[in-house]
Amino acid sequence: MAHWLQRKKNTLLWLALTAVIGGYLTYIQTSAKDKTPLLPGITTHGHYQIEMECSACHVNEKRENVFTSSGVSNAACNQCHGEDLTAFSDSHPVRKFRNPENAIFLEKIDAMSCVACHQEHNQKITQEMGVTIPNDYCAHCHEVTLESLDSHKELSFLSCATAGCHNFHDNMALAPSFLVKHYGERDILEAPVVPETNALQRWLDEGNKEREPVTAENADAPAAKLEIGTALHDWENSAHARAGVNCSDCHDDPKTGTWIEQPGMSFCMTCHETESVDFQKGKHGMRLAHVGLSPMKPSMARQPMHEIAAHAELSCNSCHDPHTVDRQFAAQEACMQCHADSHTLNYTNSKHYALWTAELAGGVKGSGVSCATCHMPRVERNGEIIVNHNQNANLTPNEKMLRNTCMECHGMQFAMDALSDHALIHNNFSGPPTKRHPGMGWAVDTAIAKGNEELAAIRKYLEAAVDENPEGLTPADSTPNRQTNITITQ
Amino acid sequence: MKILIILSTAAIVMASAINLTSCGGSAEAAAAGYNAEQVAEALYTVLKSDRKVYASKIVNRLVKEEGVIEAHEEWQENKALLLPAQFFREGAEEVDGAEKPFEFSYSLQSLWPLNFENAKKRTPAVMEGLAAVSDESSEFYGKKWVGEEELGGRKYFVGIYPDRAVAPACWDCHNHHDNRKEEYPEFKKNDVMGGIVIRIPKA
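Sequence lines, in order, name chains A and B.
Note that the first sequence ends on residue 512 in the numbering used here; no numbers are left out.
Note that the second sequence ends on residue 1371 in the numbering used here; no numbers are left out.
Some hints here could point you the wrong way.
[Unchecked claim] Pairs of lysine-lysine, DSBU-like flavour, derived with a Cα cap of 30 Å:
| hint | chain 1 | residue 1 | chain 2 | residue 2 |
| --- | --- | --- | --- | --- |
| 1 | B | K1323 | A | K422 |
| 2 | A | K130 | B | K1225 |
| 3 | A | K203 | B | K1312 |
| 4 | B | K1268 | B | K1312 |
| 5 | B | K1232 | B | K1323 |
| 6 | A | K118 | A | K422 |
| 7 | A | K472 | B | K1312 |
| 8 | B | K1370 | A | K472 |
| 9 | B | K1232 | A | K130 |
| 10 | B | K1232 | A | K303 |
| 11 | A | K55 | B | K1312 |
| 12 | A | K472 | B | K1225 |
What the hints contain is simulated information worked out from the structure, not anything from laboratory work.
Every value quoted in this text rests on a predicted model; they were computed, and no experiment measured them.
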């Protein structure tokens, strides 16, 4: 026996190891709460929230092996990203490369496959925007552009996508004609305010009937429920009561009519579908879009969060108390309950915060700048102004904030300078930008060289203003506001 | 604009799909006896017609004659019309992304390109074909040129068909474009400005 054991030692050792590893993996797969040991590597910032929902990406489409990187199909990516790619007219859609004449490019970079540039679980090579190929990827196809543009001749391909200018998919941010259209704007535009939302009107436009406001006397909750805390009082003074939304609208199960103590997002969606759908696209709500996942908690986040909020579950109610429906709280204090990064912590030192407190103290509506003003901007969609509840939508990358956020109040050059100034973002814009983004200058140089007299006159005006006030003014401070159509005398 | 692209795409697919109901194998061996060259010629007829209509009845009329809208390379930013070459390319990309009864693709190329990125895609066969249909001394001038080439490990029928200046908007833009090089010819009405390249894979 001993001899047999000695002879089979290696085999037995192998069997034992296999049994232990197999048992461990089976335990993780079937019983363990924490299944992260099954992950092949650290997931990117964009996907870690749903990393345990493997089938979100590894869709079985008769591929050889869906659990290899190349086994993840474009269709899987498009389930979540397709709509956005269409919305901003993806400048490099797969169909652009299907024509066989692109073979010379495809030999260098497989632009037909999402995972060719966006591998998952590979932290060592993952860069911003989840890109996992070297940052000079534009060089594969666009050498001619760099050579033919005087302004770009000295630039490195490493800077195309990292300097706040170009983006492989959404390349609209800094289109030359957009830049020159906004040349010469003041740092702060005249009387800046953000547009008013019209959620109730939108709801009515969808065919819903206008209701009479309801009061505490009409409240249709069971009597015992009306006694709990301040809910009745809060609700009576809320926009919900003014819009005729009674207790049963949110608390009654639509099928059985039984009272639901804590109605979930599906109830909010009855009236706020756009907002709820957007919410599930961002990092706050994306777990709710997957049936098998619990709501996101600050404890799961990779950004610094307050300890005290660690176990709060993110849903509509996290920011919007359903009884008070206090949008001002949701726009700022709700964010600061959880977020503890430097940008958030410095907010109360910023001019934006001063404007926000001034608005809350009775100032002009829409003149304050809360967290939501920038991160959940009011955008126009199909002629309606809505609050985009995907708070990540304009951060990918951050120059997407220019159009729908910064430029509501700031001139474009100032906004570009601020967004490309990392120290300024860190201290929550508690001072002027310290560097000038060169993109505007290049576009204006080119336009003037082509004979654009209006831009040449504006430049002359700016230069004269600086000469007159060499110490006290920056060019942008002294620029005529093009929004007010001030005529420039040549 | 989208409707125009869709209609144009539908017209192309319908015109070219006549009697080509079999999906397997090459178009050359397709049912009803139409070979790749004939299919390509049918496609060219549709493409040429759509291109002429867009350039003359939309761009030239609205921009040049009536002055009601601009045609601009950055058409989204400027709420403008697509340039005719962009319109053509958008349609080609729609076709590339669409379900089709058989594979084919098309593009616009020229010996005198304004879009240098696009010009890089000209293969030796395309250069030969462009020279043939653009050179007044060539037997193919203003006619079709056909050949074969291999791209990405696959063999293709390739046909080059003349693309002519049909409206002032065409030659005015090309003759005054910033990317125009000194050696480029001064275009006038009916000149061959480039070629429509149509590819159909061989078996």
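Okay, the hints, checked on the actual structure:
Annotation: proposed proximity of B/K1323 to A/K422 is violated, straight-line Cα distance about 43 Å (limit 30 Å). Restraint check: the Cα-Cα separation between A/K130 and B/K1225 comes to about 41 Å, which exceeds 30 Å; the hinted pair is violated. A distance of roughly 44 Å separates the Cα atoms of A/K203 and B/K1312; the hinted pair therefore is violated under the 30 Å criterion. Restraint check for B/K1268 and B/K1312: the C-alpha separation of about 24 Å stays at or below 30 Å, so the hint holds.
For the proposed pair B/K1232 and B/K1323, the alpha carbon gap of about 43 Å is over 30 Å, so the pair is violated. At most 30 Å may separate the alpha-carbon atoms for a hinted pair to count; A/K118 and A/K422 meet this at roughly 23 Å. Annotation: proposed proximity of A/K472 to B/K1312 is violated, straight-line Cα distance about 38 Å (limit 30 Å). Taking the CA atoms of B/K1370 and A/K472, the gap is near 47 Å; set against the 30 Å cutoff, the hint is violated.
For the given pair, B/K1232 sits about 42 Å from A/K130 by alpha-carbon distance, which is inconsistent with the 30 Å threshold. Restraint check for B/K1232 and A/K303: not satisfied, since their Cα atoms lie roughly 45 Å apart, outside the 30 Å limit. Pair hint A/K55 plus B/K1312 does not hold up; C-alpha atoms about 68 Å apart against a cutoff of 30 Å. For the suggested pair A/K472 and B/K1225, the alpha carbons sit about 29 Å apart, so the restraint of at most 30 Å is met.
Against the hints set out earlier in the document, violations occur for numbers 1, 2, 3, 5, 7, 8, 9, 10 and 11.
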